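The listed protein sequences correspond, in order, to chains D and L. Under my numbering, the first sequence has 229 at position 229, and the numbering climbs by one with no breaks. Under my numbering, the second sequence has 19 at position 19, and the numbering climbs by one with no breaks.
It should be emphasised that the hints constitute simulated quantities derived from the structure, not laboratory data. Be aware that a few hints might be false.
Note that identical chains are pooled: a pair holds if it fits in a single copy or bridges any two copies.
To be verified - Here are the simulated SDA-like pairs of lysine to any residue, each with C-alpha atoms no more than 20 Å apart in a straight line: (1) K89 with R113; (2) K143 with N45; (3) K143 with F46; (4) K10 with P212; (5) K89 with L100; (6) K141 with L44; (7) K143 with L213; (8) K141 with N45; (9) K89 with D106; (10) K296 with S317.
Since we're looking at a predicted model, the values are computed, not measured.
Number of protein chains: 2
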Amino acid sequence: MPLTLEDIAKMAHVSRSTVSRVINGDTNVNEETRKKVEDVIRRLNFQPNIAARSLAAGRTGIVGLVIPAGVTAIFTDPYFPQLIQGIMKACNASDHSVMLWLTEADYERRVIRQILYGGLLSGVIIASNPIDDPVLQALHKSKMPFVLIGRHPNLDVNYVDVDNLNGGQKATLHLLRLGRQRVATITGPQNMIAGIDRYQGYCQALQAMNCPLRPELVVEGDFTEESGYLGMRTLLPHRPDAVFVANDTMAIGALRALYEAGVSVPQQVALVGYDDMPAAAHLNPPLTTVRQPIGKLGAAAMEMLLEIIRQPKSPTSHRVLQTELIVRMSCGSS
Amino acid sequence: MPLTLEDIAKMAHVSRSTVSRVINGDTNVNEETRKKVEDVIRRLNFQPNIAARSLAAGRTGIVGLVIPAGVTAIFTDPYFPQLIQGIMKACNASDHSVMLWLTEADYERRVIRQILYGGLLSGVIIASNPIDDPVLQALHKSKMPFVLIGRHPNLDVNYVDVDNLNGGQKATLHLLRLGRQRVATITGPQNMIAGIDRYQGYCQALQAMNCPLRPELVVEGDFTEESGYLGMRTLLPHRPDAVFVANDTMAIGALRALYEAGVSVPQQVALVGYDDMPAAAHLNPPLTTVRQPIGKLGAAAMEMLLEIIRQPKSPTSHRVLQTELIVRMSCGSS
DNA sequence: CAACGGATTGGGAGCGCTCTCATAAATCAT
DNA sequence: ATGATTTATGAGAGCGCTCCCAATCCGTTG
Numbered sequence: 001m002p003l004t005l006e007d008i009a010k011m012a013h014v015s016r017s018t019v020s021r022v023i024n025g026d027t028n029v030n031e032e033t034r035k036k037v038e039d040v041i042r043r044l045n046f047q048p049n050i051a052a053r054s055l056a057a058g059r060t061g062i063v064g065l066v067i068p069a070g071v072t073a074i075f076t077d078p079y080f081p082q083l084i085q086g087i088m089k090a091c092n093a094s095d096h097s098v099m100l101w102l103t104e105a106d107y108e109r110r111v112i113r114q115i116l117y118g119g120l121l122s123g124v125i126i127a128s129n130p131i132d133d134p135v136l137q138a139l140h141k142s143k144m145p146f147v148l149i150g151r152h153p154n155l156d157v158n159y160v161d162v163d164n165l166n167g168g169q170k171a172t173l174h175l176l177r178l179g180r181q182r183v184a185t186i187t188g189p190q191n192m193i194a195g196i197d198r199y200q201g202y203c204q205a206l207q208a209m210n211c212p213l214r215p216e217l218v219v220e221g222d223f224t225e226e227s228g229y230l231g232m233r234t235l236l237p238h239r240p241d242a243v244f245v246a247n248d249t250m251a252i253g254a255l256r257a258l259y260e261a262g263v264s265v266p267q268q269v270a271l272v273g274y275d276d277m278p279a280a281a282h283l284n285p286p287l288t289t290v291r292q293p294i295g296k297l298g299a300a301a302m303e304m305l306l307e308i309i310r311q312p313k314s315p316t317s318h319r320v321l322q323t324e325l326i327v328r329m330s331c332g333s334s
Numbered sequence: 001m002p003l004t005l006e007d008i009a010k011m012a013h014v015s016r017s018t019v020s021r022v023i024n025g026d027t028n029v030n031e032e033t034r035k036k037v038e039d040v041i042r043r044l045n046f047q048p049n050i051a052a053r054s055l056a057a058g059r060t061g062i063v064g065l066v067i068p069a070g071v072t073a074i075f076t077d078p079y080f081p082q083l084i085q086g087i088m089k090a091c092n093a094s095d096h097s098v099m100l101w102l103t104e105a106d107y108e109r110r111v112i113r114q115i116l117y118g119g120l121l122s123g124v125i126i127a128s129n130p131i132d133d134p135v136l137q138a139l140h141k142s143k144m145p146f147v148l149i150g151r152h153p154n155l156d157v158n159y160v161d162v163d164n165l166n167g168g169q170k171a172t173l174h175l176l177r178l179g180r181q182r183v184a185t186i187t188g189p190q191n192m193i194a195g196i197d198r199y200q201g202y203c204q205a206l207q208a209m210n211c212p213l214r215p216e217l218v219v220e221g222d223f224t225e226e227s228g229y230l231g232m233r234t235l236l237p238h239r240p241d242a243v244f245v246a247n248d249t250m251a252i253g254a255l256r257a258l259y260e261a262g263v264s265v266p267q268q269v270a271l272v273g274y275d276d277m278p279a280a281a282h283l284n285p286p287l288t289t290v291r292q293p294i295g296k297l298g299a300a301a302m303e304m305l306l307e308i309i310r311q312p313k314s315p316t317s318h319r320v321l322q323t324e325l326i327v328r329m330s331c332g333s334s
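Could you build the full structure based on these sequences and the hints that come with them?
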């Protein structure tokens, strides 16, 4: 039913080869012939069979996007959709398509196999939250071009990231400069680089201001609302007067705990979040937070991947985007 | 570099055909032979080339997921990730893969071409928000198996949906039964079926309770926070004592408008939202809302699609999931 | 004992495309 | 005018798989 190269060739009175040349932009085609063929293609709405092309040529114009499904937090805040949107924009612009893989542990081996040996992908973008993600490991050992979203502490891989260290630092410094004495933090999971880096930023800010790092003012969360709520309850007895929460979703949970405990924000406890999710501006009080350019991050990843596919042997490349502190009322600065 | 059927065949001392049979679960294989072949496959981590299989057999095990990118609201609340997650779960379980397409208007024609003529897809799930989505139209005219998420008022197509009419009805009735006299609504866009149905539910509830439908108590939003805020400001002069807001994101906006105007919730104005997004429980006051089983909806869509792929000529099938009213404080019922 | 049938297996064709090579036509240098 | 080079096109092979048909083997049956 669908048309083939041969059909187009017949209609344009040329050979299959010539049609192929036209489609792939080969320069060795007579201008007139090209016009003729392009005409037929447009008129019949012809689309070359992707599978056949893939088989014959090896390249496919399809990139994989791998997201670990274990991270439930990803599905409660808009990080993930924004990321995808950024990637897809860049994809559309470069005439590529995306295959999506949510890797649940049960299917991990299959996913790896399909990605590496299925022969369908030109490259992969992997939003690898856990540092020791098996898919990442497999990818790293293979020669499949790929880009990691979020830097990796040990592996020498291509990545794009936001400057989480600096972001955590900015947030904490802001609270410190406002005169807060006991600045606590609810961190992200310490097996994810974003969680680690934001926490390191917190530590460095304390150091820079000559404040002691009090272990009782540090609790680890996992980016979920629930863990923010519990974290805040753990923190409360130690009387913090400010908290840097490593993402907005946890900040919402923290806010709930504070509200229940009758603690006023920002008077008694100031709060700074991270992400600037849309709801942040509309919390009560509006949340001061660190904004990260998530859409841009996705687009940057895609651009980098295309570059790597084009130039497979180039040295690993990194791209780090900056964050911005959005001051609202929860930090009590105004 | 990657292995082929032929390689496996050689190692197992059988023919390419036999290996193919084993892989595809053909019963006409000697038990012993099967074991032997499966062994080699497992040992070498062999994965048949998807492109080649697709080319030879026509079927691919890949389904397309089409989401119109125009709908910005999709990216501010977790509807979309939850949907994807539901679909992917069903996909993993059935050994299928997903290609993702966000259709921006600029690339619509290309997307349609690739989906229909690329030869790579076994079927398509389309979350068609606008009723007159061109991709939907094209799909409907083609013989590509597809399932629509959200029913369609005119087209006879396969779909899964939640019972938005009933949901809107339940929410409105709840307010009415609480004794509210002037129940307003901020609707979703009236070119999306979800927006339409929830509004119809509102109308039917009024009717059932013999309340007049007052046009000044109805404003149309577009599912964004901003439109909820503006909608509420439009409504305020007409002194509603309750509002059914067609999604939680708009409810957050409405809440902000009420807060700014110094109107107390739920004392002066009661509020019910729709979606039960995770933040809903943590707003101030916690939001009464209609919960829909989004993940299940995605899984149901995938299951239906698999069914249709298997039985292409069966009559169109529909599946409607029910909603649940989650009562919290914003409706003032307790 | 020849003919027969089912259970297994192997081989060939072909899916629609790209790529290399051969050919033909056109251009250039000598 | 002849050979050499460039430009434009076509033909054939082959990517890795599935599917169909033929071949083989074995146990049955008349």
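Please name the hints from earlier in the document that this structure breaks, with their numbers sorted from lowest to highest. 4, 7
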